[in-house]
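Heads up: the protein sequence lines correspond to chains S and P, in order.
Per the working numbering, residue 8 is the first one in the first sequence, and the count goes up by one each step.
Per the working numbering, residue 93 is the first one in the second sequence, and the count goes up by one each step.
Heads up, a few of these hints could be off.
Subject to a maximum C-alpha distance of 16 Å in a straight line, what follows is the list of computed EDC-like cross-link-like pairs (lysine to aspartate or glutamate) [as the list claims (entries may be wrong)]:
{"id": "1", "chain 1": "P", "residue 1": "Lys247", "chain 2": "S", "residue 2": "Glu223"}
{"id": "2", "chain 1": "S", "residue 1": "Lys111", "chain 2": "S", "residue 2": "Asp76"}
{"id": "3", "chain 1": "P", "residue 1": "Lys238", "chain 2": "S", "residue 2": "Asp238"}
{"id": "4", "chain 1": "P", "residue 1": "Lys815", "chain 2": "S", "residue 2": "Asp42"}
{"id": "5", "chain 1": "P", "residue 1": "Lys373", "chain 2": "P", "residue 2": "Glu393"}
{"id": "6", "chain 1": "S", "residue 1": "Lys393", "chain 2": "P", "residue 2": "Glu793"}
{"id": "7", "chain 1": "S", "residue 1": "Lys105", "chain 2": "S", "residue 2": "Glu49"}
{"id": "8", "chain 1": "S", "residue 1": "Lys150", "chain 2": "S", "residue 2": "Glu160"}
{"id": "9", "chain 1": "S", "residue 1": "Lys391", "chain 2": "S", "residue 2": "Glu64"}
{"id": "10", "chain 1": "S", "residue 1": "Lys180", "chain 2": "P", "residue 2": "Glu831"}
{"id": "11", "chain 1": "P", "residue 1": "Lys266", "chain 2": "S", "residue 2": "Asp76"}
{"id": "12", "chain 1": "S", "residue 1": "Lys62", "chain 2": "P", "residue 2": "Glu619"}
{"id": "13", "chain 1": "S", "residue 1": "Lys424", "chain 2": "S", "residue 2": "Asp238"}
{"id": "14", "chain 1": "P", "residue 1": "Lys811", "chain 2": "S", "residue 2": "Glu382"}
Rather than coming from a laboratory, the hints here were simulated on the basis of the structure.
Keep in mind it's a predicted model, so treat the numbers as computed, not measured.
Okay, here's what each chain looks like letter by letter:
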Amino acid sequence: MRRVSTDMCQVALTQDDLLRRKRLDVCRILPRNYDPSLHPFEVSREYTRALNATKLERVFAKPFLASLDGHRDGVNCLAKHTRSLSTLLSGSCDGEVKVWNLTKHECVRTLQAHGGFVRGMVVRYCGNSFFTIGDDKTIKQWKMEAPGYGEEEEPLNTILGKTVFTGLDHHQKKGVFATCGQQVDIWDEQRSTPIRSFTWGVDSFSSVRFNPVETELLGSCASDRSIVLYDMRESTPLKKVIMTMRTNTLCWNPMEAYCFTCANEDYNLYTYDMRHLERPIKVHMDHVSAVLDVDYSPTGQEFVSASFDKTIRIFSKDEGHSREVYHTKRMQHIISIKWSADNKYILSGSDEMNIRLWKANAAEKLGVLAPREREAVNYSQKLKEKFQHHPQIRRIARHRHLPKNIYHQKNELRIMKEARRRKEMNVRKHSKPGSVPVVSEKEKHVVSVVK
Amino acid sequence: MARVSRKNGIKKTLKGKCSVPLVGLGDQQLLYEEEEDSIDRGEEDIISSEEDEVDHERKRQKLLEGISTLGGKRKRAQGERSEAAVHMSEFTVNTDGGPGKVKLSDLIGIFEKNPAVPAKSRRQLKNLRRVKKSMNSPLSKEETEKIQRDMAFQKAASEVSRWDSIITQNQRAKQLLFPLSQEPAGPRPVERLVAGWNVQTPLEQEIFALLSANKQPFTDPILTPAEEASVRAMSLEEAKIRRAELQKARALQSYYEAKARRDRKIKSKKYHKVQTKAKRKEFLKHFEQMVKTDPAAALQELNKMELARMQERMSLKHQNSSKWAKSKAIMAKYDEEARKAMQQQLEMNRQLTQKLVTPLNDDYEQDEGDAGETDLLPDFVNDAVDGRDASNPWMKGKLTEEPTQKQLNDTTEAAQVVSTVAAEEEELEAEETEEEALLREFDNNRKLHQAQESDIAGGVFLEEMTEDRAAAEDSEVSDCLSEFTIISRGREKSFKDTEVFNCADFTDGSAQLEERLVRIRTVEDLELLHHDPSAEPRHPPTAKDPPSEEKHMGKSKKKKKGIELKEVLTKETNVIKVPLTPTATDSDDPESKLDQRELIKEAFAGDDVISSFLKDKRRHEDEGKPKVVDLTLPGWGEWGGVGLKPPKRKRKRFRVKSAPPPPRKDQHLPSVIISEKRNTSLSLHQVHSLPFPFEDHGQFESCIRSPLGRTWNTERTVKNVTKPRVVTQLGAIISPMAEEELLKNKRAVAREGS
């Protein structure tokens, strides 16, 4: 990451700094007199600007871009192409895999990959082939290019497993991939048997993910409510944390080697530091139903979550509440979600057979910006940040529309939580001091850490 | 075969010698004969082949059969086949060295007798017998796996921690540019541009043919195949490193195992006693540190200690009830050691049952969610935000450790004094034996501990009594004190409550989205949103609460004004002189009084709250008073010029005195400041609480006051100030952080260091 700090004499050059200024870019104004007495009311003027910017942001907030339809069953998994931004792969509950061209919003290739669900899909790091797993207990490797005319659609390689696989992920740099089902297996692409299997007293795993930074580490979620960490080089798992409810998926932060976020059944997401599993770094709440999938933005600053409550929410990695909520009338339970590799778009696959394309920043203008335009955007962004604590601006900036049922559900949850809190307080008040300890929200959800 | 035949010959002669050979005996004898024979024959016969052996065996059998049939019509003996199980019962087998146990010496002994065994191996066997050590049994599978997992985790954790510095740097960085490995902007090297250049002229062709024949690179930075190979060979070193690591890990594991085993094996009670004592000492040291650094963990430890104390109190383990204690009590009369042991035990009991009081509970509750605090506290709390900062601890109404501890010590001292007094009394009674005295002491001790808490209360009560005698306005004192504590407690409670709320609901500074059923489509919608009446739930309390709070505080302070507070507080009471009566507990809550004392002691240790409040109030009043405005224009209707003053008459005429404002609302309330400057219509647009990252109002205000726009700043400043935090390139794939970043960072750090 190229950091730009003022204290260091390091000059970071962006594209704009290197481009020659054009005739139109130069503001034709006389040299200014910056005497502050000549430009009074700076705070109130900037406040007005900030207010206007905030209002415009809300007015222009149109995150929904396109819906890709064509699947004949719910979209169960999505996979980003590792080398091409415009390619997306999706697997549905009827075993069909589709390859999409996102710029044209069209399906370029369809293949019947499996008998039952397509449980998982991942593109190899080189981008030339991809792997799918299905309910028919097979792992299949497919070429990325469509077969030529007259050729049959056939997998490059098929591995028949003993049990059903439920999750799949590929190593960042090597020809190694991991699957999970009854146990977590590490496979070499050249072999038909796993090179390593991890078990630790549980019988089914729902998801497995490689750490993209420390590429030999893995994390998996098991049905016994635990999250287990592995090192590919070791013969035993590393550690396990058991939570109060089951974790559906987890996703590693691509910029922070030891952080991962997991989507839990208890409507929350938890960000952990893998070195300290006793206590999550952050609890992210806002969903009103089980969270099914989570994906980090490639910059590692934010992540997006998909929930059973038919909404998508975007969280900052170190904030407890979402900064954005996306929903449409027709979108049903969202099963899979991906953040595009250029940090601009979000892709969601849902129960009602559609894949939806969203903007990651709802009010952002797409396409190339002129330098002056960009400067204006930057300025208004900073203004919004500066005045974000003022009640009026805050109200506008934070206003979101919610569907009625989710709104009511949210209120209900809030009331329940409040009641629980009150009760706990009363219990504490009427019992011996110290006998009812205050358990923080972070600690409440971790049952134990198993070494 | 010749040898065999010769042997047969010998056996035949033997047959003649021994007329009644039993089967078993004959066999042995035969062997002996054979041995002798072989010794006689010397070296040549020692070596015998396998075949010979077999042949020999068969022939011997035949011979034996022949011998047995010699006795005429004797019945042929049946070939018997015995099984080991018949002779050895499985029930008699035991593992602890019974008579049937096979020893090493039994096995080795035969070889010693056998001259065929070479001397060297015999020596080795002898050495072997001397070594008594047997192999350790391996740890159980679970344990081994656990150790392995732990090791692996620690390794992975340390590996991952390499990224710490990069991650913190990125968190602090003002701007992050993505993708990470961007191609440097600017002109590219020629080599890369001409990569796709193909050869055309014959000369060029010749040159390139030559180059390619010698396996030389066409362009500068590209490596020769040999160099590339060497680069690839780096992986060997990596492999070596890996191997070394593995070796180390294995060694470490074995160390761990060995250590655990050793520890487990030691039977010495004394050793374990010493060990536990050392551990305890270590723990105490550690605990003191933990109190400062990690209050949460310390609290847990404290809870554990509390549990131990409870167990001790329940079990009476270190009291006179045990058999050992009773025996010691009998022995105590004659034996110095026994007396000492008893004393030690008593001391132990005293230590274990001593109640610990620390402020950790409060600390712990407050450490959580302070980020979100500003967002969530009711507004009246926020308005008084200066009051709760670290410099003014008394405003928190929080207690610290020392007074309580002191109190406790006092009471324990008192208890000790009492006990010694009791002992003295007992000594006066000459008839009583020492034994009885000791037993009594035990009893006293127990009683004392049972009544400990009431003792404390009683102590306080008594102290107060003495104070009552000393101070004239005692009732007023206690009144105002109790009031003060009630207020402070209320505050504390409200803090706690809000914090609990924080923990429960808001784990950070980010406010929730205000999710509603209204959809915004146009700017007009936004305007409507402004006037949403339901959107103003917080403001009414803001307007009301701070004065009321101030009122409370002021009241308490005003009442105190007449009292010499310092005298009241710093007065030392002579506790020792007061006879301790454990039954004398006052009916109303004793703890509140305890709290009062500590609270006030602490509150007025430093500064004077009352006078500062009065000053504050005076300042407010002065600000509200009308000011005289001088509207005199020099030179108007007069001669003007330097040094000329307008005449007095004129000055008087143009000095405008505004009408006095309406009387202040807090005119007759000496302990209250009611601010009337607040404008509700304006307050709708104002920030009520200090936002999270800011530490004081000044900081926040200065931040708001400095403009960002280019109306007030130079172009360069604006560019600098409005830099977005995250910059991404359009259409570029951002790949995850790679190992190279680590190296880059290391290099950068090294560069900075040098």
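Are any of the numbered hints broken by this structure? If so, which, sorted upward? 4, 7, 11, 13
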